[in-house]
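Student: Letter by letter, the sequence shown follows residues 1 to 217 in this note's numbering.
Hint data in this document are derived by calculation from the structure and do not stem from the laboratory.
Glycine included, each C-beta is placed from N, C-alpha and C at the ideal position.
Treat the hints loosely; a few may be bogus.
Unchecked claim - Simulated crosslink set (EDC-like; lysine to aspartate or glutamate; CA at most 20 Å straight-line):
1. K213 / E194
2. K213 / D195
3. K211 / D193
4. K98 / E115
5. K85 / D104
6. K85 / E46
7. K211 / D195
8. K89 / E20
9. K89 / E101
10. K74 / E115
11. K211 / E194
12. K126 / D104
13. K38 / D65
14. K89 / E155
15. K89 / E63
16. K126 / E78
17. K74 / E120
18. K211 / E182
19. K51 / E20
20. K85 / E157
21. K38 / E63
22. K51 / E63
23. K72 / D95
24. K180 / E194
Said to hold, decoys possible - What follows is a set of in silico ranges between Cβ atoms, one per label pair, in the way DEER data are often shown:
25. Q209 / G55: 44 to 52 Å
26. Q209 / S158: 17 to 25 Å
27. D65 / H203: 54 to 62 Å
28. N187 / P61: 44 to 52 Å
29. W96 / E60: 44 to 52 Å
30. K126 / A201: 18 to 26 Å
31. D193 / D104: 26 to 34 Å
32. N187 / A42: 37 to 45 Å
33. G108 / R33: 24 to 32 Å
34. F97 / S28: 32 to 40 Å
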Amino acid sequence: AFGGLATANAQNPEDGGDVEYMFYTVRSGDSCRTLAKKFFGASKKEGQLVKHNPGLNCSEPLEVDAVLRIPKPKPDAELTAALRKVQAKGRRDTDWFKAAEGTDLWGGWRVNTLERSAAEVTFRDKSLVQMRQNTLIIIYGGTRTASRAKPSRAELESGALRSRLGEFSSGLNVETPSAKAELTEGNVLVTVDEDATARLANHGGNDAQLKSKSGGK
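Given only the sequences and the hints, what does the whole structure look like? Please build it.
Tutor: Structural data, given as structure tokens:
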């Protein structure tokens, strides 16, 4: 496979269901530490290699041409609905592309709804936001483990979004140019007008807070 990687779906009971794996072919010079840094961000995470490759012994040199299973990273969010003209842009992209339902969204990606358009974004922890027309948001997210304990994050640059968070959601923090909204279970509308003024309307559920970045509320 290209670059020593291939992909496939496999069953991993420890992860609670189907996991999409990349299969990596060990090359000369590879070690558990170098591969842990390459795929998990830190050389000290060699235990992740062992977790997904039972029987792997990191105290011994890796066998060249051995095939290791690497869990494929999961996106921070997904575009779960797109009405009319919805576009997205990757973190390092310069051009927008037409986004369709099912598009995976990663940290730093932008989603934009144009005139008479709407979209729905569902985060990894099932937090959900519905974007109205002429709305631009930036998707942010942490590691898989952190996503279970910390709220999802998005930045609303302009327009309006409505959050619909269930009781099992870890919440959603929405940053705007002038304020930060901390949302929990319920139905909340956050808007940013042409002057970058942020407003929050709580339509049911737990308390939601809008804190000014200048220090006030």
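Student: None of the hints should be skipped; say for each whether it holds.
Tutor: Going through the hints against the structure:
1. K213 / E194: holds (18 Å)
2. K213 / D195: OK: K213 and D195 at ~15 Å, within 20 Å.
3. K211 / D193: holds (16 Å)
4. K98 / E115: Satisfied, since the Cα-Cα distance of roughly 14 Å is no more than 20 Å.
5. K85 / D104: holds (17 Å)
6. K85 / E46: violated (44 Å)
7. K211 / D195: Distance ~17 Å between K211 and D195 Cα, so the pair holds.
8. K89 / E20: violated (24 Å)
9. K89 / E101: With a Cα-Cα distance of about 15 Å, the restraint between K89 and E101 holds, given a limit of 20 Å.
10. K74 / E115: Violated - the C-alpha atoms of E115 and K74 are around 31 Å apart, more than 20 Å.
11. K211 / E194: holds (19 Å)
12. K126 / D104: holds (14 Å)
13. K38 / D65: Holds - the C-alpha atoms of D65 and K38 are around 17 Å apart, at most 20 Å.
14. K89 / E155: Judged against 20 Å, a Cα distance of about 14 Å means the pair holds.
15. K89 / E63: violated (40 Å)
16. K126 / E78: Roughly 10 Å separates the two Cα atoms, so the pair holds.
17. K74 / E120: holds (18 Å)
18. K211 / E182: holds (8 Å)
19. K51 / E20: OK: K51 and E20 at ~15 Å, within 20 Å.
20. K85 / E157: holds (18 Å)
21. K38 / E63: Roughly 18 Å separates the two Cα atoms, so the pair holds.
22. K51 / E63: holds (18 Å)
23. K72 / D95: Roughly 26 Å between the alpha carbons, so the hint for K72 and D95 is violated.
24. K180 / E194: holds (17 Å)
25. Q209 / G55: 44 to 52 Å: For Q209 and G55 the Cβ distance comes to about 50 Å; the hint holds.
26. Q209 / S158: 17 to 25 Å: This hint holds: roughly 21 Å between Cβ atoms.
27. D65 / H203: 54 to 62 Å: Given about 59 Å between the Cβ atoms, the range holds.
28. N187 / P61: 44 to 52 Å: violated (56 Å)
29. W96 / E60: 44 to 52 Å: holds (49 Å)
30. K126 / A201: 18 to 26 Å: holds (22 Å)
31. D193 / D104: 26 to 34 Å: holds (31 Å)
32. N187 / A42: 37 to 45 Å: holds (39 Å)
33. G108 / R33: 24 to 32 Å: Distance hint for G108, R33 holds at roughly 28 Å.
34. F97 / S28: 32 to 40 Å: Check passed, 39 Å falls within 32 to 40 Å.
Hint compliance for this structure: hints 6, 8, 10, 15, 23, 28 are not met, and every other hint is.
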